[in-house]
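Colleague: Sequence:
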Amino acid sequence: KLYNEFKLTVDEMNEMHQFMMQAEQEKEENDDNDDEQDELIKECQDEIQHLEQKLNDIGTKVIEAIVPHDENDFNTDAILELRAGTGGDEASLFCGELMSCYEKVASSKGWMFEVLVLSKTDLKGVKEAAISISSNSGGGGGGGFYGDYEEDKPLGPYGYFKFESGVHRVQRVPINDVRIHTSAASVAVLPAPNSTKGKADDLPKDELRIETMRASGAGGQHVNTTDSAVRITHIPTGITASIQDERSQHKNKAKAIKLITARVRDKQEAEEARKRGDAKASLMGGGDRSERVRTYNFPQDRVTDHRCKHSEFGIEKLLSGGSGGGGDNMEDSGLVGIFLPHMKKMERAELMKSLEEEETESVSRRGKKNQ
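For the sequence shown, the working numbering begins at 10 and goes up steadily by one.
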């Protein structure tokens, strides 16, 4: 399809070049200043410029076609885990602001935002939270668009949020102080179990230890009266998930299974990547909690992403779902969407570089083998 489109465009451009050359030749032979002839030449030049841009667009599509895509970007829901880091109450408050921001982004995309785990402070900050963001189709749809050789595919929740993984550092003056404090919140974005696969994506039951207990903390009459809280342990890895937010043990169990499946699958994929040697140094980093990815400088009203070296102004507007004060007019606004095109561009560049390095190594090996 791309080849045919490329060939037709080149043929059209060649015809336009010949037509323009013929018009210029006729003008020279007639030796006059024919305004109509000049206008015809100008139209040919404009059309050639348009066709050159079309060829560039086709070239971009060709690159998109050969670069390997992560299918999780398009058809997978997301589990986001947020934790307040260093900074005490200020870190918890900022963690809550990030959670609220992500909820607004999900709402703007028409996605379902479900709280799986939530631990709050007395000041209404968030110490720890796990949230599920899912599309109505149980996979992709509704997000920003990512170029594809056949059509533009909409990103799913995981593909849209995955670059939020890492440490988000905030610098601002707390209400009860006059000095600038630095605090942080960490975010981990995991691909959620794919509901379209049904049982195929579930963990084996014999690998899980499920315990029920009475819920603790504030919550009404059901607290400490029914065994509604659920803790699930994945025996081979020791990973656990505890849910007690719902009054129903059945609902808590469903949430816990969803959360622990995402955690275990993420760990397994990370281990497989390390075995393949994929965990090499990257400009975008490894995407883990310990890596600082973004700084929110409130005194300067600036957000800087340290991976793509891009800054945006207007922190409050970005956190509330609006676009920044100095960025391009993009379709996707808000904190997540405003940085997404820059991160996608970096991701493509790194994938292309990786392909080039693999090709160079392959050529080198073939050369040594033939010697």
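Any given hint could turn out to be false.
As the list claims (entries may be wrong) - Straight-line alpha carbon distances no greater than 16 Å define the calculated EDC-like cross-link-like pairs of lysine to aspartate or glutamate that follow: (1) Lys162 x Asp79; (2) Lys354 x Glu56; (3) Lys260 x Glu123; (4) Lys353 x Asp314; (5) Lys276 x Asp211.
What the hints assert, rightly or not - Okay, the calculated beta carbon distance ranges per label pair: (6) Glu367 x Asn185: 53 to 59 Å; (7) Glu61 x Glu366: 38 to 44 Å; (8) Lys377 x Ser329: 31 to 37 Å.
Calculated from the structure, these hints are not laboratory results. No residue lacks a Cβ here, since even glycine has one placed at the ideal position from N, Cα and C.
Colleague: For a C-alpha distance cap of 16 Å, please report whether lysine 353 and aspartate 314 respect it.
Modeller: holds (13 Å)
Colleague: Please work out if lysine 276 and aspartate 211 have their alpha carbons no farther apart than 16 Å.
Modeller: holds (15 Å)
Colleague: Taking 16 Å as the top limit, are the C-alpha atoms of lysine 354 and glutamate 56 close enough?
Modeller: Violated, at roughly 29 Å.
Colleague: Compare the distance between the alpha carbons of lysine 162 and aspartate 79 with 16 Å, and conclude whether the hinted pair is satisfied.
Modeller: Status holds; Cα separation ~12 Å.
Colleague: State, for the Cβ atoms of lysine 377 and serine 329, whether the hinted interval 31 to 37 Å holds or is violated.
Modeller: The hinted range 31 to 37 Å is violated for lysine 377 and serine 329, with Cβ atoms some 58 Å apart.
Colleague: Measuring from beta carbon to beta carbon, are glutamate 61 and glutamate 366 in 38 to 44 Å?
Modeller: Distance hint for glutamate 61, glutamate 366 is violated at roughly 30 Å.
Colleague: So the hint says 53 to 59 Å: do the beta-carbon atoms of glutamate 367 and asparagine 185 match that?
Modeller: holds (55 Å)
Colleague: Do the alpha carbons of lysine 260 and glutamate 123 lie within 16 Å of each other, as the hint requires?
Modeller: Holds, because 12 Å separates the two Cα atoms, which is no more than 16 Å.
The structure fails hints 2, 7 and 8 (numbered hints given earlier, in ascending order).
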